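Colleague: Chains as they are written, first to last, in the UniProt record's numbering: chain U, 1 to 566; chain H, 1 to 199.
No lab work stands behind these hints: they were computed from the structure.
Since this is a predicted model, take the numbers as computed values, not measurements.
Hints should not be assumed to be uniformly reliable.
Lysine to aspartate or glutamate pairs mimicking EDC-like chemistry, simulated, CA-CA at most 16 Å apart [claimed, not checked]:
#, chain 1, residue 1, chain 2, residue 2
1, U, K435, H, E146
2, U, K435, H, E148
3, U, K435, H, D74
4, U, K435, H, D147
What follows is the residue order along each chain.
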Amino acid sequence: MTLSFDFPGGIYPPERKVRSSQAPLQRATLPEQVSLPLRQHSGRPAVACVNPGDSVQVGSLIAKRDGLISANIHASISGTVTHVSGHDIQIESDGQDTWDTLAPLSWRDTDARTLLARLDESGVVGLGGAGFPTQVKTRVIVRHAIDTLIVNAAECEPYITADDITLQRYPDDVLEGAQLIASLCGAKQIIIGIEDNKPEAIAALEQAITRSQLASVTLTVIPTRYPSGSEKLLIKTLLNRTVPSQGLPADIGVLCHNPGTLLAALNAVRAGQPLVERIVTLTGDAIARPGNYWVRLGTSMETLLAQVGLDTDRLSGVVQGGPMMGETLDTLQRPVVKTTNCLIAATQAELPPGPQESPCIRCGACESVCPVQLLPQQLHWYARAQDDDKLARYHLFDCIECGACSYVCPSHIPLVEDYREAKSRLRHQQIETAKAEHAKHRFEFRQARLAREEAEKQARRHARLAQTKSPTSNNRADATAQPASTAMPSAAPQTDLRSLRIAQSAAKAAVRKAEKVLAREAQQAPHESHEDLETQLATARENLKVADLQLAQARENTQASTEESP
Amino acid sequence: MSDAVSLWGIASAIGILTGLGVGFGALLGAVSERFKGDDHPLVEQIDALLPQTQCGQCGYPGCRPYAEAINEGDALNKCPPGGEATIQALADLLGREPAPLDGEAPEELQVAFIREAECIGCTKCIQACPVDAIIGAAKQMHTVIEDECTGCDLCVEPCPVDCIDMLPRSTPLTHWQPVISPAAGVFASDRTLAVRGAE
């Protein structure tokens, strides 16, 4: 199938992929030691479950996932754990490379629950860059009906060839992995989207599809244009469906997976091999032997680059990820993690430092290349002015941070940096507002509790008073109670009673309302915590108790005064 | 002529207009009662702008009482934890002139920390905490729940053994931290080269 649709904007940066795609896929030498961060994925960091001194094998579980969106982490070399901290686990190699794999499964005759549990155990996450746990992504069928699985092989960023090589070397396995995930999420069709600058991978895939004789798989070759590999744009290109603003592809029945992820998922099921290594593109002019390498997770970038002949004299900076969306590293003492797809060791001539930023001249070049049709120059003004309402109105959160606007800007304004900062600031504000709201509810609950305690104390005092009074009041008029009841005008207790009754019914209504809101929210989002709503309900209940006590007391008072008055 | 101003004519006109008035009035009243929106009285709106530290530095026992006082005409500048931003927001909401802050804004967010070895278990700080963020019991060690603490420092004063410190609030790595230096020269750098290559 060659039918494809179009997305607006986009740019054509120099590709520079040939350098790393020519060399065959190789294995990097086993590292002497690895440092495995506990947070290699999106969501919460994993929790370490080993202690220093423990001996581990390749694939031994060393950190368990914490909460729903998190992933297990496994030892990537065999040896001894030397260091465990809140951020990472370090392992010293014994040079043996003994494996500790799980039992192999045949996915065609295994039920979905076992397969999902296997993906969960194996710590498979999206290897394209975001690192979202694969098993969680597959579980979206609980809420959304999925009809299409898209294999995102576009790889539109310059330099990176990891997916290209994966498809050239393991086309059948990627296809089988796609079938595995498609059967798990109930997708009827599988579409592979690939840019036309990867002819070898396309040929390999075509052969694999012919071999497998699958009718449900289509290969769509799309024109090379950055950023066609962005999830939302690829869906638009392949299916002509638009992901709603701030929505997910699952909202329109689509799941996207990277070829590397599919391969890792298949290995986890078929070979019982947890995610302990990945294919990384090592490229850049400062490297003597660029290419793609199977690298154990946790390998230090410094040793890895030294292996492929890093020329430190010519090196001007190392970029992790692609040149458009990646980040420049300030140190090489960092480990390769699950989301490291590419390391570019660039020379000064290759990626020269950006020229000095000049003021925006409102040329509109950024607007015409923006693939999601935002107004980058407006966002730029509002982000610098911290005008949050306007940023929301111009849909800042729909920006995919592709960097096309910064690339074409004649004033060399680092636009994406501005957007990232504004996004983080807004997220931070949201957290702070939620925290303030939480504190408010707790304060209100405390006030209500103190009022209730006070009312109870009053009631007890009243009861004691009535007890001591009752045996004497029949014989002679009580000296202390009498002036109190006569001092009040007879109408006052009545109006008092009435307002208390109103207060009590208002408190009752508040409790009912709080219960209703909590029940509704609990039904809509059963997995989230509704602590604030629960506090509100508890506050309303306390208030109701106060109103009840006060009303009961006032009733007794009026009864007593009516009994005494005749 | 006398027909035009007949008593019947006037009476019927008054009757019809009164009837219409009463009818529509009743309709509007019923509709406004039936479709009542969530009303946010001014006090609620003011309260929403306050930082909810419940510290009492404004002279009122909590943020809500101060919001009520502002609604009754009290000054806007009595909230040090909120700082200038809160004064500005309140001034915008109420259409009043912003005044400079009465007091000093804290430089960083803080939380209370009890040096547990020194705590004698007197429960005084528990009673002082406006958001129930301290747990403990009489003659037992107390401790502060960091996530619930608003940093109001109301617990520091009542402590008879001075074992409570105000420490800067720790931010987990997952939280946003200001980006100081944008990475140099990754973006927009290929272009210059591409242009050079084309030439």
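Colleague: Okay, which hints does this one fail, numbers in order?
Modeller: 3
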